[in-house]
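I would like the entire structure built from these sequences, with the hints used as guidance.
There are 2 protein chains.
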Amino acid sequence: MGLAVSVPIAGSAPPVPRGHASASVVPGVDEAVEDALTALADLVRDDLAACNRVIVQNMQSQVELIPQLAAHLVAAGGKRLRPILTLACARLCGYPGPEGGARHVDLAACVEFIHTATLLHDDVVDESRLRRGLATANAIFGNKASVLVGDFLFSRSFQLMTSDGSLKVLRILSSAAATIAEGEVLQLVTQNDLSTRDERYLDVIQGKTAALFAAACQIGAVVAGRGAAEERALADFGLYIGTAFQLVDDALDYAADQAKLGKTVGDDFREGKITGPVLAAYKAGSEIDRAFWRRTIEQSEQTEEDLDHALVLMEQTGAIDATLARAVGFAERAKAALAVFPDGSVKRCLSGVADYTVRRAR
Amino acid sequence: MGLAVSVPIAGSAPPVPRGHASASVVPGVDEAVEDALTALADLVRDDLAACNRVIVQNMQSQVELIPQLAAHLVAAGGKRLRPILTLACARLCGYPGPEGGARHVDLAACVEFIHTATLLHDDVVDESRLRRGLATANAIFGNKASVLVGDFLFSRSFQLMTSDGSLKVLRILSSAAATIAEGEVLQLVTQNDLSTRDERYLDVIQGKTAALFAAACQIGAVVAGRGAAEERALADFGLYIGTAFQLVDDALDYAADQAKLGKTVGDDFREGKITGPVLAAYKAGSEIDRAFWRRTIEQSEQTEEDLDHALVLMEQTGAIDATLARAVGFAERAKAALAVFPDGSVKRCLSGVADYTVRRAR
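Line by line, the protein sequences are chains W and G.
Following the numbering used here, the numbering of the first sequence begins with 1 at its first residue and continues without gaps.
Following the numbering used here, the numbering of the second sequence begins with 1 at its first residue and continues without gaps.
In short, the hints are calculated from the structure, not lab data.
Virtual Cβ for every residue (Gly too), placed ideally from N, Cα, C.
Hints are all accurate, no fakes.
Restraint ranges, calculated between C-beta atoms of paired labels, are given here:
(1) A49/G / N192/W: 37 to 43 Å
(2) I140/W / P342/G: 52 to 58 Å
(3) E127/W / L134/G: 24 to 30 Å
Following this line, the structure appears as structure tokens:
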């Protein structure tokens, strides 16, 4: 099926564009952590292969367009970051034990289905044409099919959870799904609004992104039957790396090499999305700068050259560095949340993944 | 809150447009059945009021746009047909018993949330501007908000089900939700395709519409703890009235008085949707008629006068009458499915609702 995990290869990263996402963002981190996601995926390799099989099995339907469209997104790559986290957190908590079990595999597939459904709907909502360097499903199959197949995968996820039979897992993931939708709507509401408070921006990214990371990690503890402290620790770990992940994503939208990321730099700018870098640049800017942001973000009046000027302002005000530094702070909190667990290879790799979410900015 | 059930008043119906949806469709049915839905709603009046409160409570969110948009659709009327069926089927099965209980109320709200979520997504997919005579949510709030609030209500529905705690109900409703999405995708796939087999058309309407009716009725038996025979009977009852309901809906799209229905006649025609009336008219048509259907439905080449000509062809070929007669057949099967239950007011009203789904064509 060619469902290998694709992760950035250490050393192969292209030069940092425009120089504002510097290596100094994560001081003192060993070069080896760049491979943390690969190492973690290796640790759960067999489970991940099983999870990929569950995913492929459960996206089948007699309505052929469904597996066709789903395959485009589900089976065609992606880092599988969220299901890997579920599998690894279950492992960290000692699941499966001596008597075996594959519940973590099915639940990891549920997490990926929810993620995929939200991606399909996001790309429709954002009118995106590219994701991970490929045409989006809506660009190929149309908005209608993307909305409906998203609904199908979402439903399938709850069917799978129901088969698993844990009401606790159902509560965690249905609650995460509602929080994701709230975060997405809040993002829509704050669009073009430079008066958005920073806490609201955090609400947006914790809703639309970090809530599912938190749930993905927490259910690792649930499936292992661990106590409230471990559940809380893993939920926090997920929440913090998810927050770091989205902060970096928002920074990269004003900094990344398009070919590397497979997304168009400046998407957020063109859509007038209110993200950390924009709020930071607006706050730190001169009156002339602020007029620029109001015209381009609030009034959506943009010319060809405006993105370049926006990137210059980002650099001048240190907005990207500030956003990345903030991400580092969340990655550190994520690692600290793991303190309740004894040291070991899985814990070390999870810590490494916290750093990876920030290091991918280079 | 003004959440009264709105149903057609017997005797107030406008004259049948174009004369092809005739009163003779349901021979021998007493005039009183026209009020069947009102009578059923009256029987479960207190439960329905409680259900409306659960709906309003659970569509709340700190993100204000969510209750605003949801209120437009959830709280602004509608027949509440599906939750009424859940409440009535629970009552038919003896729930709540002497010890009380309100599970049917919460689950009826779940059913309505799933219905509302699919309506929101349908209107985006169909680019509809009117529903029940009002501007659609997407027309007022935009497609993006409609997609995301649909996702929210869908998630909320599963949160509510999880609180209820019945894995059986979760299985029934998650499976129905997946079937709905499959039916909608299948409808998309068959669009503009006059070679669509009739069985596929039935798959579409049983998926997109009847599956939720079936689930809504079945969980009435589940919540009452009744056996497999009663569950099966109510699932069949729901499936058949849902099928009749959609057949009539498809017929009305070529026949109804727009002001009465609150929808635009000819929507399906303009979208090139493959429905029962079109398949029947195409099958029964002359070679010249078929060329007309191929041009208008398959090639989507339509002029101003084409809808009128389509309506003439529908009448000439008896396609509307054939579709309505078929609906009557399903309504009869629905009533027959209730045979396992002893006679009583709830059963009589449910039978009346089966007739109502067909009689609303007049």
